[in-house]
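S.K.: For reference, the chains in residue letters:
Number of protein chains: 2
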Amino acid sequence: MNPQKQKLLIIGGVAAGTKAAARARRVDPDLEITVITKDQHISYAGCGLPYYIGGVIREEKELLVKHPEDFQVDMDIKVLTLQEAQKILPEEKLVIVKDLSSGEIRNMPYDKLLLATGAYPLVPPLDGRELGNIFTLRTVSDASALKEKLHGNPREAVVIGGGLIGLEAAENLARLGIKTTVIELAPHVLPPFDRDVALHAEKHLRENGVEILTGTAVKSFTDNGQGEVGAVLTSAGAIKADFAVLAVGVRPNVELGRQCGIALGPTGAIAVNKKMETNIKDIYAAGDCAENTNLITGKPVWYPMGSNANKTGRVAANNIAGGGGDTLEGFLGTAVVKLFDLNLAKTGLSEREARAMDYDLETVLVPAPDRAHYYPGSRQIITKLIVERQNRRVLGAQVFGEGTVDKPIDILATAITLGATVDQVAKLDLAYAPPFSTAMSSTIVAANVMMNKLQGKFKGTNPLALKERMDAGAILLDIRTEEEFFVRSIPGSINIPLGRLMSRLDELDRAKEIIINCKVGFRSYNTLLKLKKLGFENLSILEGGISAYPFEIE
Amino acid sequence: MNPQKQKLLIIGGVAAGTKAAARARRVDPDLEITVITKDQHISYAGCGLPYYIGGVIREEKELLVKHPEDFQVDMDIKVLTLQEAQKILPEEKLVIVKDLSSGEIRNMPYDKLLLATGAYPLVPPLDGRELGNIFTLRTVSDASALKEKLHGNPREAVVIGGGLIGLEAAENLARLGIKTTVIELAPHVLPPFDRDVALHAEKHLRENGVEILTGTAVKSFTDNGQGEVGAVLTSAGAIKADFAVLAVGVRPNVELGRQCGIALGPTGAIAVNKKMETNIKDIYAAGDCAENTNLITGKPVWYPMGSNANKTGRVAANNIAGGGGDTLEGFLGTAVVKLFDLNLAKTGLSEREARAMDYDLETVLVPAPDRAHYYPGSRQIITKLIVERQNRRVLGAQVFGEGTVDKPIDILATAITLGATVDQVAKLDLAYAPPFSTAMSSTIVAANVMMNKLQGKFKGTNPLALKERMDAGAILLDIRTEEEFFVRSIPGSINIPLGRLMSRLDELDRAKEIIINCKVGFRSYNTLLKLKKLGFENLSILEGGISAYPFEIE
Chain A
1 MNPQKQKLLI IGGVAAGTKA AARARRVDPD LEITVITKDQ HISYAGCGLP YYIGGVIREE
61 KELLVKHPED FQVDMDIKVL TLQEAQKILP EEKLVIVKDL SSGEIRNMPY DKLLLATGAY
121 PLVPPLDGRE LGNIFTLRTV SDASALKEKL HGNPREAVVI GGGLIGLEAA ENLARLGIKT
181 TVIELAPHVL PPFDRDVALH AEKHLRENGV EILTGTAVKS FTDNGQGEVG AVLTSAGAIK
241 ADFAVLAVGV RPNVELGRQC GIALGPTGAI AVNKKMETNI KDIYAAGDCA ENTNLITGKP
301 VWYPMGSNAN KTGRVAANNI AGGGGDTLEG FLGTAVVKLF DLNLAKTGLS EREARAMDYD
361 LETVLVPAPD RAHYYPGSRQ IITKLIVERQ NRRVLGAQVF GEGTVDKPID ILATAITLGA
421 TVDQVAKLDL AYAPPFSTAM SSTIVAANVM MNKLQGKFKG TNPLALKERM DAGAILLDIR
481 TEEEFFVRSI PGSINIPLGR LMSRLDELDR AKEIIINCKV GFRSYNTLLK LKKLGFENLS
541 ILEGGISAYP FEIE
Chain B
1 MNPQKQKLLI IGGVAAGTKA AARARRVDPD LEITVITKDQ HISYAGCGLP YYIGGVIREE
61 KELLVKHPED FQVDMDIKVL TLQEAQKILP EEKLVIVKDL SSGEIRNMPY DKLLLATGAY
121 PLVPPLDGRE LGNIFTLRTV SDASALKEKL HGNPREAVVI GGGLIGLEAA ENLARLGIKT
181 TVIELAPHVL PPFDRDVALH AEKHLRENGV EILTGTAVKS FTDNGQGEVG AVLTSAGAIK
241 ADFAVLAVGV RPNVELGRQC GIALGPTGAI AVNKKMETNI KDIYAAGDCA ENTNLITGKP
301 VWYPMGSNAN KTGRVAANNI AGGGGDTLEG FLGTAVVKLF DLNLAKTGLS EREARAMDYD
361 LETVLVPAPD RAHYYPGSRQ IITKLIVERQ NRRVLGAQVF GEGTVDKPID ILATAITLGA
421 TVDQVAKLDL AYAPPFSTAM SSTIVAANVM MNKLQGKFKG TNPLALKERM DAGAILLDIR
481 TEEEFFVRSI PGSINIPLGR LMSRLDELDR AKEIIINCKV GFRSYNTLLK LKKLGFENLS
541 ILEGGISAYP FEIE
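Residue numbers (the numbering used here), protein chains in the order written: chain A, 1 to 554; chain B, 1 to 554.
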């Protein structure tokens, strides 16, 4: 209306789009701000959808953070739903928009344009994918459709994809009493995690009644005779299903941008600089449609996460409305997931990623209680640290267990962001009181173990390498008490309790490799030092002891 | 025995002493290590004592982490209890030790000596302090004596001192149904915290039935006629007491060291360098008897905390047994406390400390949920950030509320240690999933609010300054809904709900200072921007809204 008013047009109304709109308003009270979305819902909590399915979140409305009228009344922002952006004309600074209710087409002018078009769920081109009762879980509408299906009390579900959303969906379905099978093509679930960590998630899910098939390909869906899915055919056979959830991943919505000449990055998402600018002047991108930078490697990555969407939306708005001084260096791929009673979190590079990039690295697996062992509710967590050997910088971490994992992973994400060495992590002054932590927090203990390892004080054997070592003749020496050994022990291990080790030394063949095992690795370390002093040479510790052993024991 | 063996003698057997002994053994398998202590218990969890009193921890033995025989068997470390070190002879490298059971005196030689003599509870020289039923809470014996008293079902208790231990003791006593009064000389409890934070602890303790008297001096104890305390006489009158707990603070045990010429620092604790060396060659100090350095100011401080004791003990051992390369830069005074359902944590400098040191600083008080608002168990926490204006570095933080506070304070402790600016904190890639956090975590939201304030986007009024401003004529404008205002509002405020503000603008006197209030400050910020645009000039936001308002409302 006002000819002097600068016009900001935002395409996309979930996390990045609405965040950018609200922030732009606060930065510039005079901007004319319009958000268009082809969806009927805006500003919803995408990450809450699995919990809505499971009934942890009861009402659809709890997922809807804000409504179009809130934006109008509180912030003088126009939000238009059911509006599909069909084409961007960068020369004319126009977007051609179709009103999905009326079919009307119109041109919307802009001075600044923000693409916040998000991502869409991948649907593999499988036979039968058009059948009924095959759901994705990306939008509130998706979730409501699946929720509707659940009212018919289905008994068997197949979740295709063992990533974060797939496993959260599987947990929530299993909690409803539905027999749930997860099918994952990769060798383990939670592909961003390392296998020695992810196997614990599989074990825990199985213990809670969820079937897990890894290394398994889905081939097609069969018809139950009523145009609905009846079974999922996989490389491991047919699995009966009253419904299926497709959670094989998402791809960025970039077509609209690509067609008008906006450059994509190597990940397939929209390339942006640190100010969230695309290659076309006055066009920005934020949220799941935009590419990210990995803070450690400086390389392009794509982390479609709600937390990143909020931050990139805010930075875009600061630069659009506030003069251009705000920058975002990158992200670490930090993530956390709750699966029944097991929590898993990661930040930075996984061991697999770091090895693929030829980092000279060291890793440790260190179990420790999450709070004072004598305080009620104390639970074990296991910290995996990945450190670059030469400069001793922390490259990545994974923390898992029934205790608190988000705190240590956030401490480590902060440390990695600020370039900390493992030595600096070991000296952090973290908050201690019995209800919250141990005097030496799990993170500090893990850093100390890493420092010992970097100094060559001990050699570790990763549990994934154990079988190969034992096949090659290594002795697995379990120095726990007879009672502990009786309750649970690794097949093929021999038990000499620590207290009797000195009198039973002759049972150990010095010519052989000896891998020492206990509950968490601490007694193993003391034993290794003792045996070393006695002239044993080929010694190592089973990292993380029986606590970190990721395989099922019969 | 073996003449070549180097002898390490450690005086003190709680946290630092036992930690150093165990670490020294792992670093040097050949060292002859002896720990002496005059106490009968070693390696106990001092921070767990209040919870033992309250029955959260049931058995005394749960507090005892290790026993002398464990050290002998597992680590070849000699631990001698009931041994009092009477004199150090640094020239002769001897310690004169008295056996408290036999009375025998002997000389113990050392090559390296570690003082880990800890701290003792202050007992002010008040009349009646020798009466029965006046307890301190420093050792397992102290706790067991108090626990014994509780078997007689006492009804009224007075806790003298409103610091961490005093308040934890008060909580645990009140939970047992004992009418408990806390007396604190300072103007507020939890003296290391700022008043705008600590007042929330007082409010919460009162809501849970604990009486709190601040700014109150204890004058003497009166006799109940049986040689036991009957009442505590204070500047606020006599308070009946079946028993009293003295928790007015601790002082470092330095006499033994001082007498042989070991230098003390300005705090009265033993001066040590970064390697934990004292001024006398081959004598080290660690744990509560040793002075610390504040990481931010570089100045000597004294933080007698179990977490620090473990770290200083370890560094001392690394230098004693491992060649001297380990250093400790300092601590932040990080602390956390649970009081009923309220958690409070701090790290770095308080506002009061920073102002006393003439830092040019800015503060914010920012409420936010600790996890997704729609996820069950989501609770509010309030973050206070203290930032140096010029270089934008975070100097300190305090976080409190019914939600998780140890995670944000540890993130901020890590950030402060590594020299982070508030801008860096705002961009941290922290773990997000609905059960653990919000998409923009509370810490990031607080950092963003601070950035807005540093940019001059708004002026804040601290709740502690509100009364003075209102007395000077300021209007407190509450823009919440009528329902919210009805439930709880600050006396003297006027209510114009945000939706009606535009039509009721004439009710606001533009000549007056206007302080805007809402629930957490967010709507206030949007309102301030709106009113500013309409030409209002003298505007500010009540920091943290009604959520951070620390005074009781009738």
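Check the hints yourself; a few may be wrong.
For chains that are exact copies, the list does not tell them apart, and a pair is met inside one copy or across any two.
[Stated by the list, open to error] Think about it this way: if two alpha-carbon atoms lie no more than 30 Å apart in a straight line, the pair counts; the simulated DSBU-like pairs of lysine-lysine are: (1) Lys7 with Lys240; (2) Lys274 with Lys299; (3) Lys275 with Lys512; (4) Lys240 with Lys338; (5) Lys457 with Lys275; (6) Lys219 with Lys519; (7) Lys98 with Lys530; (8) Lys275 with Lys338; (9) Lys275 with Lys532; (10) Lys457 with Lys219; (11) Lys459 with Lys338; (12) Lys147 with Lys532; (13) Lys240 with Lys78; (14) Lys275 with Lys533; (15) Lys179 with Lys61; (16) Lys240 with Lys530.
By construction, these hints were calculated from the structure, which means they are not laboratory data.
S.K.: So, for every hint listed, does it hold in this structure?
M.R.: Going through the hints against the structure:
{"no.": "1", "hint": "Lys7 with Lys240", "result": "neither (53 Å within a copy, 71 Å between copies)"}
{"no.": "2", "hint": "Lys274 with Lys299", "result": "within (13 Å within a copy, 39 Å between copies)"}
{"no.": "3", "hint": "Lys275 with Lys512", "result": "neither (59 Å within a copy, 40 Å between copies)"}
{"no.": "4", "hint": "Lys240 with Lys338", "result": "within (27 Å within a copy, 50 Å between copies)"}
{"no.": "5", "hint": "Lys457 with Lys275", "result": "between (46 Å within a copy, 21 Å between copies)"}
{"no.": "6", "hint": "Lys219 with Lys519", "result": "neither (42 Å within a copy, 54 Å between copies)"}
{"no.": "7", "hint": "Lys98 with Lys530", "result": "neither (76 Å within a copy, 33 Å between copies)"}
{"no.": "8", "hint": "Lys275 with Lys338", "result": "neither (33 Å within a copy, 42 Å between copies)"}
{"no.": "9", "hint": "Lys275 with Lys532", "result": "between (56 Å within a copy, 28 Å between copies)"}
{"no.": "10", "hint": "Lys457 with Lys219", "result": "neither (50 Å within a copy, 57 Å between copies)"}
{"no.": "11", "hint": "Lys459 with Lys338", "result": "neither (32 Å within a copy, 40 Å between copies)"}
{"no.": "12", "hint": "Lys147 with Lys532", "result": "neither (61 Å within a copy, 46 Å between copies)"}
{"no.": "13", "hint": "Lys240 with Lys78", "result": "neither (47 Å within a copy, 65 Å between copies)"}
{"no.": "14", "hint": "Lys275 with Lys533", "result": "between (58 Å within a copy, 27 Å between copies)"}
{"no.": "15", "hint": "Lys179 with Lys61", "result": "within (28 Å within a copy, 45 Å between copies)"}
{"no.": "16", "hint": "Lys240 with Lys530", "result": "neither (56 Å within a copy, 59 Å between copies)"}
Comparing the model with each numbered hint stated earlier shows that hints 1, 3, 6, 7, 8, 10, 11, 12, 13 and 16 do not hold.
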